[in-house]
Amino acid sequence: MSILAEFFAVTLETVTDVLPIAAIIFGFQFAVLRQVPANLGEILAGFAWVLLGLSLFLLGLKWCLFPLGRVMAGQLTDPSFIMAGLEAHETIADIQWIDYYWVYIFAFLIGFSTTIAEPALIAVAIKANDVSGGAIGIWGLRISVALGVAVGISLGCYRIVVGDPIHWYIITGYVIVVIQTSFAPKLIIPLAYDSGGVTTSTVTVPLVAALGLGLSETVPGRNPLIDGFGLIAFASLFPIMSVMAYAQLSAAKAKLDHKRYLQQKEQDAA
Amino acid sequence: MTATLKKLLLAMLGSVRDLLPIILVIVFFQFFVLQQPLPNIAQILLGVLFVVLGLTFFIHGLEQGLFPIGESMATAFARKGSLFWLIMFAFSLGFGTTVAEPALIAVAEEAADIAAAGDMIGSSLEAKEGYADGLRYTVALSVGLAIVVGVIRIIKGWPVQWLIIGGYIVVVIMTMFAPAEIIGIAYDSGGVTTSTITVPLVTALGVGLASSIRGRNPMIDGFGLIAFASLTPMIFVMAYGMMIR
Numbered sequence: 012m013s014i015l016a017e018f019f020a021v022t023l024e025t026v027t028d029v030l031p032i033a034a035i036i037f038g039f040q041f042a043v044l045r046q047v048p049a050n051l052g053e054i055l056a057g058f059a060w061v062l063l064g065l066s067l068f069l070l071g072l073k074w075c076l077f078p079l080g081r082v083m084a085g086q087l088t089d090p091s092f093i094m095a096g097l098e099a100h101e102t103i104a105d106i107q108w109i110d111y112y113w114v115y116i117f118a119f120l121i122g123f124s125t126t127i128a129e130p131a132l133i134a135v136a137i138k139a140n141d142v143s144g145g146a147i148g149i150w151g152l153r154i155s156v157a158l159g160v161a162v163g164i165s166l167g168c169y170r171i172v173v174g175d176p177i178h179w180y181i182i183t184g185y186v187i188v189v190i191q192t193s194f195a196p197k198l199i200i201p202l203a204y205d206s207g208g209v210t211t212s213t214v215t216v217p218l219v220a221a222l223g224l225g226l227s228e229t230v231p232g233r234n235p236l237i238d239g240f241g242l243i244a245f246a247s248l249f250p251i252m253s254v255m256a257y258a259q260l261s262a263a264k265a266k267l268d269h270k271r272y273l274q275q276k277e278q279d280a281a
Numbered sequence: 008m009t010a011t012l013k014k015l016l017l018a019m020l021g022s023v024r025d026l027l028p029i030i031l032v033i034v035f036f037q038f039f040v041l042q043q044p045l046p047n048i049a050q051i052l053l054g055v056l057f058v059v060l061g062l063t064f065f066i067h068g069l070e071q072g073l074f075p076i077g078e079s080m081a082t083a084f085a086r087k088g089s090l091f092w093l094i095m096f097a098f099s100l101g102f103g104t105t106v107a108e109p110a111l112i113a114v115a116e117e118a119a120d121i122a123a124a125g126d127m128i129g130s131s132l133e134a135k136e137g138y139a140d141g142l143r144y145t146v147a148l149s150v151g152l153a154i155v156v157g158v159i160r161i162i163k164g165w166p167v168q169w170l171i172i173g174g175y176i177v178v179v180i181m182t183m184f185a186p187a188e189i190i191g192i193a194y195d196s197g198g199v200t201t202s203t204i205t206v207p208l209v210t211a212l213g214v215g216l217a218s219s220i221r222g223r224n225p226m227i228d229g230f231g232l233i234a235f236a237s238l239t240p241m242i243f244v245m246a247y248g249m250m251i252r
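As they're listed, the protein sequences go chains A and B.
Residues in the first sequence are numbered from 12 upward in steps of one, following this note's numbering.
Residues in the second sequence are numbered from 8 upward in steps of one, following this note's numbering.
Calculated directly from the structure, the hints in this document are not laboratory data.
Note that CB positions come from ideal geometry on N, CA and C, so glycine has one too.
Wrong hints could be hidden among the right ones.
[Said to hold, decoys possible] Heads up, incomplete: computed chain A residues facing chain B, CB under 7 Å, no partners named: (1) Pro130; (2) Ile177; (3) Gln274.
[Said to hold, decoys possible] Just so you have them, the derived chain A footprint on chain B, three or more residues with Cβ under 8 Å: (4) 16–29; (5) 96–109; (6) 144–152; (7) 180–189; (8) 201–210; (9) 244–250.
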């Protein structure tokens, strides 16, 4: 297919995706609120930029990232690749969860890097930075969310390899979130909860889904229909913890700095 | 004009920096771990260029279009003072943005395959389609309700954690009764519902609402809508799985 035809196909897809949203927004704007926004032209231009940007973004992903990512997920989980790391006398039956170490490393790195590029997370980080008057750094938030996703996806891969039921992991995660909630600074809590849902959009979901399906197809005894799911749940649970942890660490550091400053002042006075 | 161009160029540099980690990871694994050459280099480079341009334009449009309209509408609704229309708007936004979400359509189809394989429904195409559509509308309904609950919370100023923790408890209880096949999908469906366009709009709505209601803090009360939107689908999908069984 020619580039242009493919571009139009993807743009059409994006338009059908955006159309209901635009209809709702402008429908309510004109029929219920009955006012024309002062900068209507600029806003419409903004929508056009979003459409164009999202289409290009998806098309680019379709061409480079997704095929590569899928092939890599397939190759890394391939038994012959795993076997290559084993001793000569060992057989498939001797494969242990640790032999999948490249899968965990890949999961960690791809989870981190796709989250850094996730447009929805960039949007929320800009907003949070704006609303908090700069107290929450754009990069601080993005990196802590990305770390959460990275840990979540590698743990999720480990779960697929060993075959544990998913709900014990998720429930344990909930318990940790609840405990952290009672200690974390109040300002961060809603944002931390939000960052769970934000992380998994355009870039992360297709790659992570490919990884989960690849793993569950090749690990002996796993059923892709049942075990292939769940990675996205891990990817949306762990950022909640990592963002709260980030806020707790920042608060602890600020406290420590303040204490040091007071001590310094005392010494100076003495 | 030159100022805009300069801004776009700077933004593009930012996009390159955002995408650099992915490129490094892929290159590292391709050459050092799997030790294979890259297939189709020209197409991949073109793809990378498109991704960089796309991300740049998207962020530009976000700040020019999505954020301002979301906030100005939130302010207008707050000034109008009609709770009914605000709730209608919140529901339509949640339902409308979710029902057409491509990621959700894909997940619903896979869920139908699982249900058919587990003999929960017939394996005819019609039965599967009916199941997938039912699931899709269930999730869209749950996201619509989530945004409504989230908006009411902002107006009333309830702390977000009680509602979320309450939701977690419901999820845990339902996990014990839901069919095993649906649990993985239900947990995943929380993450897939919130798309790249929905997130900025819903965030702007929450923050705009919290800033225009007296006594609300945009940081504490403005965020949290997305959290509801990713919690309720888990509950509703498990309920759907239990009902269909």
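To see whether the hints hold, each was checked on the structure:
no.	hint	in the structure
1	Pro130	5 Å, holds
2	Ile177	6 Å, holds
3	Gln274	31 Å, violated
4	16–29	holds (count 4)
5	96–109	holds (count 9)
6	144–152	violated (count 0)
7	180–189	holds (count 3)
8	201–210	holds (count 9)
9	244–250	violated (count 0)
Taken one by one, the earlier hints fail for this structure at numbers 3, 6, 9, listed in ascending order.
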